[in-house]
Amino acid sequence: MGKFVIPVGPQHPALEEPESFSLMLEGERVAAANVTLGYNHRGIEKACESRTYIQDIYLLERICGICSHAHSTCYVQTVEDVAGLEVPKRALYIRSLIGELERVHSHLLWLGIAGHEIGFESLFMYSWKDREVVMDILELLTGNRVNYGMNTVGGVRRDITPEQAQDVLKALVILEEKTKYYIQLANEEVTLIDRLQGVGRLSKEDVLKYGATGPVMRAAGVSRDIRKDDPYAAYGELDFEVITDTHADVLGRTVVRVKELMESYKMIRQILKQMPDGPITVRAPKKIPAGEAVSRYEAPRGEDIHYLRSDGTDKPDRVKVRAPTLANLAAISNMLEGGYLADVPIVIAAIDPCFSCTDRAIKVVNASGGESMFDWEGLRRYSIDWYRKQGIDMKGTKLSRGED
Amino acid sequence: MKKTGKIVPLLLNMLFRKPNTMKYPYEKATVQKNFRGKLKYDAEKCIGCGICSRVCPAGAIEIEKIGDKKFKAIVYLDRCIYCGQCAESCPKKALENTEEFELASLSKDELKVEI
Amino acid sequence: MGIALFDIIVFPGFIFLGILSLVAEFTDRKLNARLQNRVGPPWYQPLADFIKLSTKETIVPESASSRMFRALPLFALASASTAFLYIPIWSTTSLFPFSCDLIVVLYLLTVPTLTFFLAGWFSSSLYSEIGSIRTMTQLFAYEVPLYMALLGPAILADNWSISGIASYYYIHPLMALFNIPGLLVSLVAAQGKLERAPFDIPDAETEIVGGTFTEYNGRFLAFFRMSIDVELVVVATLIAAVFFPLFTPANAIVGFLIYLVKILFVIFLLAVLRTALARLRIEQMVSFCWRILAPLALLQVLIDLIVKGVLAH
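Chains as they are written, first to last, in the working numbering: chain A, 54 to 457; chain B, 10 to 124; chain C, 91 to 403.
Treat the hints as calculated values from the structure; they're not laboratory data.
Be aware that one or more of the hints could be misleading.
As the list claims (entries may be wrong) - List of simulated lysine-lysine pairs, DSS-like, C-alpha gap at most 25 Å:
{"hint": "1", "chain 1": "B", "residue 1": "Lys47", "chain 2": "A", "residue 2": "Lys231"}
{"hint": "2", "chain 1": "B", "residue 1": "Lys32", "chain 2": "B", "residue 2": "Lys47"}
{"hint": "3", "chain 1": "B", "residue 1": "Lys102", "chain 2": "A", "residue 2": "Lys182"}
{"hint": "4", "chain 1": "A", "residue 1": "Lys233", "chain 2": "A", "residue 2": "Lys312"}
{"hint": "5", "chain 1": "B", "residue 1": "Lys42", "chain 2": "A", "residue 2": "Lys233"}
{"hint": "6", "chain 1": "B", "residue 1": "Lys11", "chain 2": "A", "residue 2": "Lys312"}
{"hint": "7", "chain 1": "C", "residue 1": "Lys146", "chain 2": "B", "residue 2": "Lys27"}
{"hint": "8", "chain 1": "A", "residue 1": "Lys233", "chain 2": "B", "residue 2": "Lys74"}
{"hint": "9", "chain 1": "A", "residue 1": "Lys312", "chain 2": "B", "residue 2": "Lys12"}
{"hint": "10", "chain 1": "C", "residue 1": "Lys120", "chain 2": "A", "residue 2": "Lys182"}
{"hint": "11", "chain 1": "A", "residue 1": "Lys182", "chain 2": "B", "residue 2": "Lys54"}
{"hint": "12", "chain 1": "C", "residue 1": "Lys146", "chain 2": "B", "residue 2": "Lys32"}
{"hint": "13", "chain 1": "B", "residue 1": "Lys32", "chain 2": "B", "residue 2": "Lys54"}
{"hint": "14", "chain 1": "B", "residue 1": "Lys102", "chain 2": "A", "residue 2": "Lys339"}
As the list claims (entries may be wrong) - Chain A is nowhere near these chain C residues, computed Cβ spacing over 12 Å in every case:
{"hint": "15", "residue": "Ile109"}
{"hint": "16", "residue": "Val113"}
{"hint": "17", "residue": "Thr117"}
{"hint": "18", "residue": "Gln126"}
{"hint": "19", "residue": "Trp133"}
{"hint": "20", "residue": "Ile193"}
{"hint": "21", "residue": "Leu267"}
{"hint": "22", "residue": "Asp290"}
{"hint": "23", "residue": "Thr296"}
{"hint": "24", "residue": "Ile298"}
{"hint": "25", "residue": "Asn307"}
{"hint": "26", "residue": "Gln374"}
{"hint": "27", "residue": "Met375"}
Don't be surprised by glycine CBs; every beta carbon is placed ideally from N, CA and C.
Isolated chain A (complex conformation) (with noise of 0.2 Å):
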């Protein structure tokens, strides 16, 4: 059977989001693969611009409904970085346990993605269905099931009381038992095992090479983690364990994600009982004075990444976000290749993708054929020149920064 190429996206039914995999087929055999991204830029970034700090807070929490507390806190973070504030230690305690149950949730929903994309669909249903448990509690606890809104400038904006405590502890007992099942499940039943081992394998070294992030990364043996390598909230006072595997294929991410929720739920269980009392904010100045910061911040999918530029005003100059899913899709082709068609969707999904989060560039394709790229000053240019065309003055418009 010769050749062909069968395209997976941008709409197709394993994919959530629309992004585009060429795949070379030979037979059932992935020959090469080729990922196209930019179905889903929002610019967000530039929108960011034009909003004042607080704006800025909801509008990248909704970067991704999954992880938006990771986006919402790794920003709050650059911005308190640049004005020097220090973070009452009750508000930090409160932003790592959101953040876990955050995570608690996101793999829960991860888990049933698996099950369904190798046409496990029990596995999906109970999966999410214990995951409401975890989502009434943050419901609970921040006011809404995603997007929580929980991070202000200086801390957070809403208290734990000790009774929300307690409902957490009671949620933390069903989760736990309906977890140790799921590992179970991922280290016994054999058609299961027999869809993952050995799938979508990536080395160590590749690992390195690729930069892949989170997950991926630790499945095959790389122990890192930001919130144990760079603390940030609270994580420097509480005592966990960076779970790493060594299969270094789709079965081990699904491990490494299982375990880290027993991780997560011992972290739950710390942080209750070590929170401190006192204030949960501090006030915060509306300008934010010239500067810039990064911020790394450890996501569900991995590291998360984001830099500010502000200058004094109320509004920042420059808000640049790298959300994981973007570090590890370059490793995706490698992956795939020499897999099966039948491995490619869980292969994706093992990455835990959100292209949406991704998305971070436009690519134009002439219409005309051949494509071309633009850099920030090509695109500056082609605007004002487009301006130009339109009969607009475009005189005070300068074409880069420091240029007149």
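Starting from the known structure of chain A, fit chains B and C onto it as the hints suggest.
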């Protein structure tokens, strides 16, 4: 120990249990306490400073003057992201979130409401 | 002649079979839902689906062979329904029994699978073509174990007609106990035949969209779905007739109720199988069929040969 059909006992157990699905909207759905739902406005407390409309990330709230020291609030339910920042920033606590969440409508005009 | 026509068209022919297949699909879906702790569809859902699909506009892809595209669903439905006429229902004899009808039924059951292959092939879409190839690959894997599993009981009964097999085990019900490995093999192979999890490889949604039926829509898709339902009933009836020797030829009503219980039980087993397992890859499926199912089916044939030899002495 590896085996096929590990999940079967759990499955069969489910035959004797009530389905987990809730028959919404025939059954009333409840939200947790402190849920951030539709806004409530107290015209008595409002001083018309307009901080709420300035902090709103979505431009969803407008305060209009209707008389001497009398104001009304107009909310675009479709724009509102229910973050509750307006209620938090209000100096007189004239705004608060309620637990009302069933706000869908068939026409966009109905989503512009006076609260 | 008039009675035969009534038999073919109304009972237990096409109309009865049509209703039964909707009931079967409903049972299967409801069980699947309840096993997953969901509510599941209401009783009229399969019928509603059928009516909805039939009233939709049908679109034939430009590059597809229009004649084949339209004819294939009817072939599938016709052959699956015809197979039903040769399987005993409540009594030990079918409507039109003749010697060696077991072979005919098995081949009539293969025809729908072939039409699925052709349907995918003539749709000329990449996803359907991959689905077609998978359908064929899978056919070669489960067909042999399925045939051998049914061959064993036939050897023991010394009869190649399903009615003959049924009446043999009706007279000697304990002999059916020797056929348990065959029952297991045929249940698993039936999942392959019906293209359900763990063998729903030809129409694996997350990989190749709709598989062989990607391009199908409207009433043609409705016919295909109907023929899959009919296949489910036929396979369940076949397994029930060969492996569960519970008939009451004297009392048609009791016999009919027993028949319903039997096929619903088979459908229940099939539903548990499909709910409990993850979808296999095509190469895992083939190796599973040849390494585990085929030897097990061979064992069944051996057991039956030995038992027959012992009985002859």
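Here is how each hint holds up against the structure:
A C-alpha spacing of about 35 Å is found between B:Lys47 and A:Lys231, which places the hinted pair above 25 Å, so the restraint is violated. The straight-line distance between the Cα atoms of B:Lys32 and B:Lys47 is roughly 23 Å, inside the 25 Å bound, and the hint therefore holds. Restraint check: the Cα-Cα separation between B:Lys102 and A:Lys182 comes to about 38 Å, which exceeds 25 Å; the hinted pair is violated. A hinted pair counts as satisfied when its Cα atoms are at most 25 Å apart, and A:Lys233 with A:Lys312 qualifies at roughly 9 Å.
Pair hint B:Lys42 plus A:Lys233 does not hold up; C-alpha atoms about 30 Å apart against a cutoff of 25 Å. Distance restraint check for B:Lys11 and A:Lys312: the Cα-Cα separation of roughly 19 Å lies within the 25 Å cut-off, and the hinted pair is therefore satisfied. Taking the CA atoms of C:Lys146 and B:Lys27, the gap is about 36 Å. The hint is violated against a cut of 25 Å. Between A:Lys233 and B:Lys74 the CA atoms are separated by roughly 59 Å; this puts the pair beyond 25 Å, and the hint is violated.
A distance of roughly 21 Å separates the Cα atoms of A:Lys312 and B:Lys12; the hinted pair therefore holds under the 25 Å criterion. This hinted pair checks out: C:Lys120 and A:Lys182 have alpha carbons roughly 18 Å apart, not beyond 25 Å. Distance check on the hinted pair: A:Lys182 and B:Lys54 sit about 44 Å apart at the alpha-carbon level, beyond 25 Å; violated. For a cut-off of 25 Å, the pair hint linking C:Lys146 to B:Lys32 is broken: about 29 Å separates their Cα positions.
A hinted pair counts as satisfied when its Cα atoms are at most 25 Å apart, and B:Lys32 with B:Lys54 does not qualify at roughly 40 Å. Pair hint B:Lys102 plus A:Lys339 holds up; C-alpha atoms about 20 Å apart against a cutoff of 25 Å. Distance check on C:Ile109: its Cβ is at least 27 Å (rounded) from any Cβ of chain A, clearing the 12 Å threshold; non-interface status holds. A cut-off of 12 Å between C-beta atoms confirms that C:Val113 is not in contact with chain A; the least separation is 22 Å.
Look at C:Thr117: its CB is around 17 Å from the nearest CB on chain A, clear of 12 Å, so calling it non-interface holds up. In this structure C:Gln126 is not separated from chain A by more than 12 Å, as the shortest Cβ-Cβ distance comes to only about 4 Å. Distance check for C:Trp133 against chain A: the nearest CB is about 21 Å away, which clears 12 Å, and the non-interface claim stands. Remark: the non-interface label on C:Ile193 is consistent with the geometry, its nearest Cβ contact in chain A lying 32 Å away (cut-off 12 Å).
A cut-off of 12 Å between C-beta atoms confirms that C:Leu267 is not in contact with chain A; the least separation is 28 Å. Interface exclusion of C:Asp290 from chain A breaks down, the closest Cβ pair being 6 Å apart, not more than 12 Å. Chain A draws C:Thr296 into its interface by the beta-carbon criterion, the shortest separation being 4 Å against a cut-off of 12 Å. C:Ile298, annotated as away from the interface, has a beta carbon of chain A within 12 Å; the closest lies near 8 Å.
Every CB of chain A lies more than 12 Å from the CB of C:Asn307, the least distance being 16 Å, so the non-interface label holds. With a closest Cβ-Cβ approach of about 6 Å to chain A, C:Gln374 is found to fall inside the 12 Å limit, against its non-interface label. A Cβ of chain A approaches the Cβ of C:Met375 within 12 Å, the least distance being about 10 Å, so the stated non-interface status is violated.
Checked against the numbered hints given earlier, this structure breaks hints 1, 3, 5, 7, 8, 11, 12, 13, 18, 22, 23, 24, 26, 27; the rest are met.
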